[in-house]
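Participant: Please arrange chain B on chain A, whose structure you already have, making use of the hints.
Chains as they are written, first to last, in the working numbering: chain A, 1 to 347; chain B, 1 to 347.
Misleading hints may appear alongside valid ones.
[As the list claims (entries may be wrong)] Selected chain B positions facing chain A (in silico; Cβ < 8 angstroms):
id, residue
1, K204
2, N216
3, H220
4, A305
5, S306
[As the list claims (entries may be wrong)] Result set (SDA-like, lysine to any residue): computed pairs, CA atoms no more than 25 angstroms apart in a straight line:
id, chain 1, residue 1, chain 2, residue 2
6, B, K204, A, E286
7, A, K204, B, P310
8, B, K204, A, P310
9, B, K204, A, G297
10, A, K204, B, G297
11, A, K98, A, E345
12, B, K180, A, G304
13, A, K180, B, G304
14, B, K204, A, E291
15, A, K204, B, A296
16, B, K204, A, P289
17, B, K204, A, T294
18, A, K204, B, R287
19, B, K204, A, A296
20, A, K180, B, S306
21, B, K204, A, S299
22, A, K204, B, E290
23, B, K180, B, E132
Hints were generated in silico from the structure; no laboratory data involved. Idealized CB from N, CA, C, for every residue including glycine.
There are 2 protein chains.
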Amino acid sequence: MRTVEWQKGSVRLIDQRWLPWEFQVLELRDPTAVAEAIRDMVVRGAPAIGATAAYGMALAGLRSDADSVEEMCADLEAAADRLHQARPTAVNLAWAVKRQLAVATDPQWTSADQIRAALIRHAHQIADSDVEINRQMGAHGATLVQDGDTILHHCNTGALAAVDYGTALGVVRAAHESGKRVHVLVDETRPRLQGARLTAWELKNLGISFDVIADNAAGHFMRTGQVDLVLVGADRIAANGDVANKIGTYKLAVVARENGVPFYSVAPTSTIDLELPSGDDIPIEERPPEEVLTVAGQSVAPEGASARNPAFDVTPHRYLTAIVTENGIAYPPLARNLRRSVEGEAI
Amino acid sequence: MRTVEWQKGSVRLIDQRWLPWEFQVLELRDPTAVAEAIRDMVVRGAPAIGATAAYGMALAGLRSDADSVEEMCADLEAAADRLHQARPTAVNLAWAVKRQLAVATDPQWTSADQIRAALIRHAHQIADSDVEINRQMGAHGATLVQDGDTILHHCNTGALAAVDYGTALGVVRAAHESGKRVHVLVDETRPRLQGARLTAWELKNLGISFDVIADNAAGHFMRTGQVDLVLVGADRIAANGDVANKIGTYKLAVVARENGVPFYSVAPTSTIDLELPSGDDIPIEERPPEEVLTVAGQSVAPEGASARNPAFDVTPHRYLTAIVTENGIAYPPLARNLRRSVEGEAI
Numbered sequence: 001m002r003t004v005e006w007q008k009g010s011v012r013l014i015d016q017r018w019l020p021w022e023f024q025v026l027e028l029r030d031p032t033a034v035a036e037a038i039r040d041m042v043v044r045g046a047p048a049i050g051a052t053a054a055y056g057m058a059l060a061g062l063r064s065d066a067d068s069v070e071e072m073c074a075d076l077e078a079a080a081d082r083l084h085q086a087r088p089t090a091v092n093l094a095w096a097v098k099r100q101l102a103v104a105t106d107p108q109w110t111s112a113d114q115i116r117a118a119l120i121r122h123a124h125q126i127a128d129s130d131v132e133i134n135r136q137m138g139a140h141g142a143t144l145v146q147d148g149d150t151i152l153h154h155c156n157t158g159a160l161a162a163v164d165y166g167t168a169l170g171v172v173r174a175a176h177e178s179g180k181r182v183h184v185l186v187d188e189t190r191p192r193l194q195g196a197r198l199t200a201w202e203l204k205n206l207g208i209s210f211d212v213i214a215d216n217a218a219g220h221f222m223r224t225g226q227v228d229l230v231l232v233g234a235d236r237i238a239a240n241g242d243v244a245n246k247i248g249t250y251k252l253a254v255v256a257r258e259n260g261v262p263f264y265s266v267a268p269t270s271t272i273d274l275e276l277p278s279g280d281d282i283p284i285e286e287r288p289p290e291e292v293l294t295v296a297g298q299s300v301a302p303e304g305a306s307a308r309n310p311a312f313d314v315t316p317h318r319y320l321t322a323i324v325t326e327n328g329i330a331y332p333p334l335a336r337n338l339r340r341s342v343e344g345e346a347i
Numbered sequence: 001m002r003t004v005e006w007q008k009g010s011v012r013l014i015d016q017r018w019l020p021w022e023f024q025v026l027e028l029r030d031p032t033a034v035a036e037a038i039r040d041m042v043v044r045g046a047p048a049i050g051a052t053a054a055y056g057m058a059l060a061g062l063r064s065d066a067d068s069v070e071e072m073c074a075d076l077e078a079a080a081d082r083l084h085q086a087r088p089t090a091v092n093l094a095w096a097v098k099r100q101l102a103v104a105t106d107p108q109w110t111s112a113d114q115i116r117a118a119l120i121r122h123a124h125q126i127a128d129s130d131v132e133i134n135r136q137m138g139a140h141g142a143t144l145v146q147d148g149d150t151i152l153h154h155c156n157t158g159a160l161a162a163v164d165y166g167t168a169l170g171v172v173r174a175a176h177e178s179g180k181r182v183h184v185l186v187d188e189t190r191p192r193l194q195g196a197r198l199t200a201w202e203l204k205n206l207g208i209s210f211d212v213i214a215d216n217a218a219g220h221f222m223r224t225g226q227v228d229l230v231l232v233g234a235d236r237i238a239a240n241g242d243v244a245n246k247i248g249t250y251k252l253a254v255v256a257r258e259n260g261v262p263f264y265s266v267a268p269t270s271t272i273d274l275e276l277p278s279g280d281d282i283p284i285e286e287r288p289p290e291e292v293l294t295v296a297g298q299s300v301a302p303e304g305a306s307a308r309n310p311a312f313d314v315t316p317h318r319y320l321t322a323i324v325t326e327n328g329i330a331y332p333p334l335a336r337n338l339r340r341s342v343e344g345e346a347i
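Chain A with its partners taken away, still in its complex shape:
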């Protein structure tokens, strides 16, 4: 199944909190439950969150008892607010919700039922197009990978982070499918271990060679010449090319540049926020300290210990070799080339 699916008026999500131990599917029937699932990271990964939020808006339409277009739009605005607040950093959530609101307020609709149907149709479009976009990114990005390369990868950016296929891991997959032999060093990605739990699970299922490493070990492997390139995703990219992504990305990028290792972010244009001049304007979510103080329910620090838990960091654009989108590979100057990429022009 896809990471996010629509079935008979409900949204089905692979519950990513329990992988790789258990494969559970959660079925949600109203937008509040969808917002909670996003906040609790049942589903994560910027593109997957975007598609889930789009379906959440479709559910908001279905569950609303509005009779008129006006009442429907008011209900949708309220649902949009709830979804929007679930997680602040990834822009795809806001992007999808905004697109659904635009669909709902199209002046052509004369009844609430027309809006209900349009929201479901449009959610399907977003989801289907995400898969197609990922395959395009994979094809572009695979040209950056040579036969025999070792790729360092952070967090999870695979099929589970999108509707299907994946962003940065989609590039790995495309390279593998084209017959290149690749090996992946999988940053385990504390605190939530998306690398060890999810990326390793996906790579194993795909039959791609990998080793899990502690995040701390990435520098050692780069300094000793054992890494050919680094691939990460993105949760929000500012107009100047600064990338907000999973905590730890910034450290990786600095150490990659120090060692002359190419560093690429792979993300759909829906992740690019041209309204933000720089990464300094991206809100950084701080998640509960328990994510740091426990691992799989087991406490790892003394009782009463406190923790700080920023979920993302910002990598300034100067550390990026290029950004891969569905429209091609944007090299510096990123401010110019990202804008062209968003506008679908040749970069």
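Facilitator: Then chain B, alone, in the frame of chain A:
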């Protein structure tokens, strides 16, 4: 109690594998058990390993049934080999074993019993002097800490990593004891979580303010101006000032320099290996993959996943602001000033 103690012909160690969950003390009666305890990380931290190995040699003397000086020396050589192989990176182990062998082969001894007694005396000297050395490093290092500073700290370098007091954490402690208000960001230090488990436990017991962070978050805090200095220990320092230390140190050092954050290694001169020209010559221990694939006994990756687990990395000397030893603060040029430090000259 001290991390390492001698009691009636046995070595007592705080079993650091179970902290902070349980405080257990292991009592060892022969040098093979001591070597195993070092390998299994019952005791860890370069200075603590050094003192433990010294006592291990004393046990080897006691357990040997040698009657003559020659037989005794042969037995001690065998024990030295076993201890030596327990962990390859920290030089303090080799240093302590070598010192004990030198004690044993002193031409003044005419009986095996004299050697037995000398080894015990000398192990006590090494242990007592470690505590004194740590206090001296604390006093020197505390001059680098300002009132109100936030200190980023990696791994555990506290009383548990030494016989008592600590190296880098000894500096934090000395600053705190002198009335400076400090706050510590504690890198949890995967894979074995020495930061979350041991450093947090020590800081809590000392009443020093701290927050545990995922190792991934250190870059974010440095880039956003929330770190005043970084303090780490060392497992081996080459003649040119390259520092082998817990995996992750290198990444921290690179990111610290990139952000203009001072980066100090705190270590006794017994950690400095003047016979090694550079860090490239330091053997890097690779530990079992299970340390990465599990946390506190809980698997965190899919079944059958493989992992790489280098326990240390090398930080080239150019990233270090200074190295603090019991003889003072050695600034660059480190090749010259470390040698002076070892020789006890004014730096």
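Participant: All hints are to be evaluated individually against the structure, with a verdict given for each.
Facilitator: To see whether the hints hold, each was checked on the structure:
1. Given the 8 angstroms rule on beta carbons, the hint for K204(B) holds: about 5 angstroms separates it from the nearest Cβ of chain A.
2. Satisfaction of the interface hint for N216(B) is found here, the shortest Cβ-Cβ separation to chain A being roughly 3 angstroms, below the 8 angstroms cut-off.
3. The restraint placing H220(B) at the interface with chain A holds, with a minimum CB-CB distance near 4 angstroms, inside the 8 angstroms limit.
4. Interface hint at A305(B): satisfied, since its Cβ lies 5 angstroms from the closest Cβ of chain A, which is below the 8 angstroms cut-off.
5. A least Cβ separation of about 5 angstroms between S306(B) and chain A falls short of the 8 angstroms threshold, and the interface hint therefore holds.
6. A hinted pair counts as satisfied when its Cα atoms are at most 25 angstroms apart, and K204(B) with E286(A) qualifies at roughly 23 angstroms.
7. For a cut-off of 25 angstroms, the pair hint linking K204(A) to P310(B) stands: about 22 angstroms separates their Cα positions.
8. Distance restraint check for K204(B) and P310(A): the Cα-Cα separation of roughly 22 angstroms lies within the 25 angstroms cut-off, and the hinted pair is therefore satisfied.
9. Restraint check for K204(B) and G297(A): satisfied, since their Cα atoms lie roughly 22 angstroms apart, inside the 25 angstroms limit.
10. A threshold of 25 angstroms between alpha carbons decides the hint, and for K204(A) with G297(B) the separation of about 22 angstroms falls inside it, so the pair holds.
11. In summary, the hint linking K98(A) to E345(A) is supported, as the alpha carbons are separated by about 23 angstroms, within the 25 angstroms threshold.
12. In summary, the hint linking K180(B) to G304(A) is supported, as the alpha carbons are separated by about 23 angstroms, within the 25 angstroms threshold.
13. For the suggested pair K180(A) and G304(B), the alpha carbons sit about 23 angstroms apart, so the restraint of at most 25 angstroms is met.
14. Restraint check for K204(B) and E291(A): satisfied, since their Cα atoms lie roughly 20 angstroms apart, inside the 25 angstroms limit.
15. For the proposed pair K204(A) and A296(B), the alpha carbon gap of about 23 angstroms is at most 25 angstroms, so the pair holds.
16. Of the supplied pair hints, the one linking K204(B) and P289(A) holds, its CA atoms being roughly 17 angstroms apart against a limit of 25 angstroms.
17. Using a Cα cut-off of 25 angstroms, the hinted pair K204(B) and T294(A) holds, with the two alpha carbons roughly 17 angstroms apart.
18. Pair hint K204(A) plus R287(B) holds up; C-alpha atoms about 23 angstroms apart against a cutoff of 25 angstroms.
19. Taking the CA atoms of K204(B) and A296(A), the gap is about 23 angstroms. The hint holds against a cut of 25 angstroms.
20. Restraint check: the Cα-Cα separation between K180(A) and S306(B) comes to about 21 angstroms, which is no more than 25 angstroms; the hinted pair holds.
21. Restraint check for K204(B) and S299(A): the C-alpha separation of about 16 angstroms stays at or below 25 angstroms, so the hint holds.
22. For the hint linking K204(A) to E290(B), the alpha-carbon distance of about 17 angstroms falls within 25 angstroms, and the restraint holds.
23. Between K180(B) and E132(B) the alpha-carbon distance is near 22 angstroms, which keeps this suggested pair within the 25 angstroms criterion.
In summary, the structure agrees with every hint in the numbered list given earlier.
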